[in-house]
Amino acid sequence: MGEWWTTVPIGTSMGNYDISSISHVTMSPLRQNNLVSMYSSLPLSKSSYNVISAFCTEDNIPQCISYMNQELASLGLSSTCIEASSPGGAGLSTVPALNAMYELLQIHRRNMGTLEELEKEQLKKSSSMEHMQMNNSRLKDQLELSIREKSGLHETERQLQLKIKTLQSCLKTEKEEVQKLQSIISSRASQYSHDAKRKERETAKLKERLGQLLVDRKDKKLAIDVLNCLGRSDGKRSHWKTAKATASHEGEMYKSLLSDYEASQRALMLENAELKKVLQQMKKEMMHILSPRQLSTRGATADDSQDQADSDGEEKAGNSSRETLDQSCEHAREQLTNSIRQQWRKLRNHMEKLDSQVQNQLESNKEVIPRETHEDEMERMRHEVQQCKEFIHAQQQLLQQQLNTSFDDETAALLNDCYTLEEKERLKEEWRLFEEQKRNFERERKNFTEAAIRLGREKKAFQEDRASWLKNQFLNMTPFTDLPYQSVSLFLNLRKNASKCLPQKQDFSVVMGTEHNLNDDNALQSSGSQPFT
Amino acid sequence: MNFSEVFKQSNQLCKVSPDGKYLATCVQYRLVVRDVSTLQILQLYTCLDQISHMDWASDSLFILCAMYKRGLVQVWSLEQPDWHCKIDEGSIGLLSSRWSPDGRHVLNTTEFHLRITVWSLCTKAVSYIKYPKACQKGIDFSRDGCYMALAERRDCKDYVSVFVCDDWHLLRHFETETQDLAGLEWSPNGCVLAVWDSCLEYKVLLYSLDGRLLSTYSAYEWSLGIKSVTWCPSSQFLAIGSYDEKVRILNHITWKKVTQFEHPATINNTKAVVYKEVERRPAVGSDDLSLHNITIGTTLFNTQSKYEICPLPVQLPVVKPDPDRANPKIGVSTLAFSSDSRYLATKNDNMASVVWVWDMQKMSLEAVLEQTSAVRCFQWDPQRPRLALCTGNTKLYLWSPAGCVSVQVPTEGGFQVQSLNWHCSGDSLILLGKEQLCLCYMDTDQEDK
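Residue numbers (the UniProt record's numbering), protein chains in the order written: chain A, 1 to 533; chain B, 1 to 449.
No lab work stands behind these hints, which were simulated from the structure alone. Heads up, some of the hints might be wrong.
Stated by the list, open to error - Calculated Cβ distances over 10 Å to all of chain A for the following chain B residues:
hint, residue
1, Phe3
2, Val27
3, Glu89
4, Arg104
5, Asp166
6, His173
7, Asn189
8, Lys256
9, Glu279
10, Ser305
11, Ile309
12, Thr411
13, Gln416
As the list claims (entries may be wrong) - From the structure, some residues in chain A lie toward chain B, with a derived Cβ separation under 8 Å:
hint, residue
14, Thr173
15, Lys175
16, Glu176
17, Ile184
18, Val226
19, Cys229
20, Gly231
21, Thr242
22, Lys244
Each residue gets a CB set at the ideal place from its N, CA and C atoms; glycine is no exception.
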């Protein structure tokens with residue numbers, strides 16, 4: 001209803017505030033209680049009356065009338081038209097006005113009715129929606145519950161299945177065992193019956209024989225018929241059976257038993273000694289392996305174990321002598337085995353540590369070549385070597401082939417000639433080069449010697465010069481004693497200067513000595529022109 | 001390898017004298033003694049009936065021939081062919097007869113195992129031993145010939161009596177803890193006696209020479225137990241073969257199991273060599289088929305065979321025995337140690353065509369020989385680790401650590417090798433067929449394959 005009124009044209013000449021106030025009033029939100037709104041419209045009517053009175057004033061009656069006509073026409077009440085009672089007058093013709101009012105009232109009532117109905121409908125619908133929502137939530141809850149129940153049931157079903165499986169397997173094993181036992185029983189039974197039958201047959205035969213004998217009564221005696229008695233196999237006479245004989249038999253028997261035991265004991269002792277030796281050796285080696293490592297790799301933590309090992313070692317060293325004497329001593333044996341076990345444990349730990357170290361190294365330090373790459377390299381190199389060998393072999397073969405190609409003699413000779421010619425040419429070239437180099441060499445040597453000669457001469461000149469200079473100095477030195485220091489210092493300076501020259505000269509000669517490259521003219525020139533500075 | 005010609009024999013009775021010089025064979029009721037190297041007949045004796053059993057005395061001077069049906073034993077002398085000796089058991093019957101270790105007494109087991117009669121050839125005296133037990137192996141002489149162990153059964157209990165063979169003095173008599181004693185055997189050093197129970201109970205008892213029980217060994221209960229027992233020649237090990245297809249080795253120091261050898265049907269994961277005998281029939285070329293060839297070559301019908309080394313895994317042929325019958329053909333029935341105690345050869349009855357050779361030093365399988373038919377007999381060379389076996393066909397098979405070879409016995413008319421015996425020197429083999437025998441001389445310097 002509110003929306004309707006908002007379509008009131010705002011563009012009319014009426015005051016904007018009026019229209020807006022109308023629309024404002026009619027846009028008041030309709031509450032659920034229509035009746036309340038109905039009754040609340042009553043005080044509104046008063047206010048609306050006030051508003052309507054603001055709508056039409058004495059001045060704008062015709063405009064209002066035309067406006068009203070317009071509105072009525074738009075509402076569909078074309079029949080009634082409001083007319084002015086008198087043109088330009090301030091009154092209305094009552095009949096059409098009343099008719100219009102009545103129709104408006106009807107319309108209003110109808111609207112109110114529909115409004116009521118709609119409100120009722122809406123209530124109903126909202127209540128039903130509420131109901132539905134409640135139902136929905138309840139059903140959702142139920143659904144969740146049932147899902148949970150289902151999963152729980154699934155779980156129990158699975159467990160029961162599992163149980164069934166285990167029980168079935170148990171049953172199977174039991175059945176198998178029963179079968180096995182049955183087969184055992186049957187085989188035993190058949191064996192028993194077989195034996196029983198055999199015995200029965202034998203008894204039957206016995207009975208038969210007995211019967212026969214009883215009937216026969218001709219007892220065939222047992223007898224031996226020998227041409228002549230034999231001697232005993234060992235040639236001796238037979239002895240009487242006496243107590244001494246029995247005792248001797250017993251003695252013999254025990255002797256043989258004893259000798260057998262002694263033999264086995266000896267063998268066992270030997271084996272034992274061997275094994276002990278092996279163990280001792282192992283122990284020594286293990287200790288040897290462990291001890292230098294312990295010093296280097298392990299730190300303070302190993303000190304006590306090292307000490308223990310040392311003390312063990314000492315103990316063992318002390319005991320070893322005792323052990324060799326006291327081989328069957330149980331205590332020594334136990335000690336030996338315990339120490340072996342200890343050493344073995346240490347060795348094992350050490351190996352494990354080394355393994356882990358290697359692992360870490362492999363991971364961290366890539367420069368350390370692991371064994372696989374080393375081996376790969378080796379393989380590759382071997383392969384290369386093999387390839388090279390094959391290549392060389394092929395080359396050889398080709399060479400042979402070339403040399404041994406069966407041409408006829410002429411072409412062969414020609415070819416040979418060609419080859420030799422080539423070689424000759426090559427040799428000639430090389431020889432020429434060689435000669436050239438030799439010449440160069442000679443030249444350089446000559447230069448060298450000339451330079452040396454020059455040098456010698458210059459040296460001599462220098463020496464003479466020096467000598468004369470010294471002489472001059474010496475001669476210039478006055479015998480006055482007030483300038484001894486000066487002269488001495490001068491002399492010393494002189495000496496210094498002179499000695500300064502000497503190392504240079506030394507360098508000079510060294511330079512000359514080393515740089516005798518033929519083509520290195522620079523060296524010669526530089527050496528030649530080295531001044532005496 | 002040379003083969004001699006074929007001679008007749010009956011009853012598989014053919015034995016070489018202990019000194020290795022003579023070969024005695026029985027042909028019906030005749031006893032033929034030949035020289036081993038020349039095979040010439042040296043002596044010929046005639047017995048009163050078909051000879052059932054024949055044996056040499058330990059000094060190789062006398063031979064006994066037993067005729068079980070007649071209950072007679074005749075003893076012949078090699079040096080004096082005129083000398084004769086006849087032992088008659090009378091109405092009591094004769095079950096078995098054997099020499100004593102000194103070669104001067106004959107022990108006869110009477111029928112129904114009523115008693116053992118000890119006949120002395122020196123004094124013509126008779127002694128009796130009562131209640132001998134009727135079992136697989138009830139008597140055993142120690143290797144040095146000093147003692148004899150005898151199983152007895154009195155009042156439903158088993159006893160063992162130890163006699164001194166010198167004068168048959170009863171040294172020890174003790175009860176054994178067996179249900180039903182099946183056999184006993186002295187260790188080669190003569191100090192331990194192994195006694196085992198019947199197959200219904202797995203039990204091995206070890207007694208010292210003076211009758212003390214040293215140890216008992218029982219691997220399992222209820223299932224069928226021991227099938228065969230053998231000592232190692234050095235007395236270090238006792239090998240027990242049982243119905244569960246395993247061999248258990250006990251050591252002589254603790255008498256506890258050192259190891260067990262299994263005989264599975266599928267071999268994989270082993271370092272052993274598996275030899276499989278492969279037969280190849282010679283191609284019958286139609287152009288060669290002339291009368292000449294047929295008459296000469298009976299080898300045309302003899303299949304050649306050779307050994308092939310099979311790669312692992314290998315599946316062996318298994319014959320499942322009838323479970324309802326007694327003494328089923330399953331389990332390790334034959335065990336043999338080589339003379340140097342290095343190898344043990346075994347045969348499992350449900351894989352009857354397979355011989356297993358085990359290395360006792362490494363305690364592992366050394367070789368497996370799979371033949372085309374069931375192995376009848378195998379024996380180790382007394383001097384070296386060489387195994388000879390036969391499967392009832394015309395071939396002889398030899399295994400040594402160097403390899404394996406199959407040799408056709410070149411005789412006419414096909415000679416089926418049923419059993420074999422080595423000569424004590426290890427230089428020759430005696431092959432016994434059904435009615436024939438043949439000697440095979442080995443090359444002493446040549447190693448096979």
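Here is how each hint holds up against the structure:
no., hint, in the structure
1, Phe3, "36 Å, holds"
2, Val27, "24 Å, holds"
3, Glu89, "5 Å, violated"
4, Arg104, "5 Å, violated"
5, Asp166, "8 Å, violated"
6, His173, "13 Å, holds"
7, Asn189, "6 Å, violated"
8, Lys256, "15 Å, holds"
9, Glu279, "36 Å, holds"
10, Ser305, "37 Å, holds"
11, Ile309, "32 Å, holds"
12, Thr411, "39 Å, holds"
13, Gln416, "30 Å, holds"
14, Thr173, "17 Å, violated"
15, Lys175, "17 Å, violated"
16, Glu176, "14 Å, violated"
17, Ile184, "5 Å, holds"
18, Val226, "5 Å, holds"
19, Cys229, "6 Å, holds"
20, Gly231, "7 Å, holds"
21, Thr242, "10 Å, violated"
22, Lys244, "12 Å, violated"
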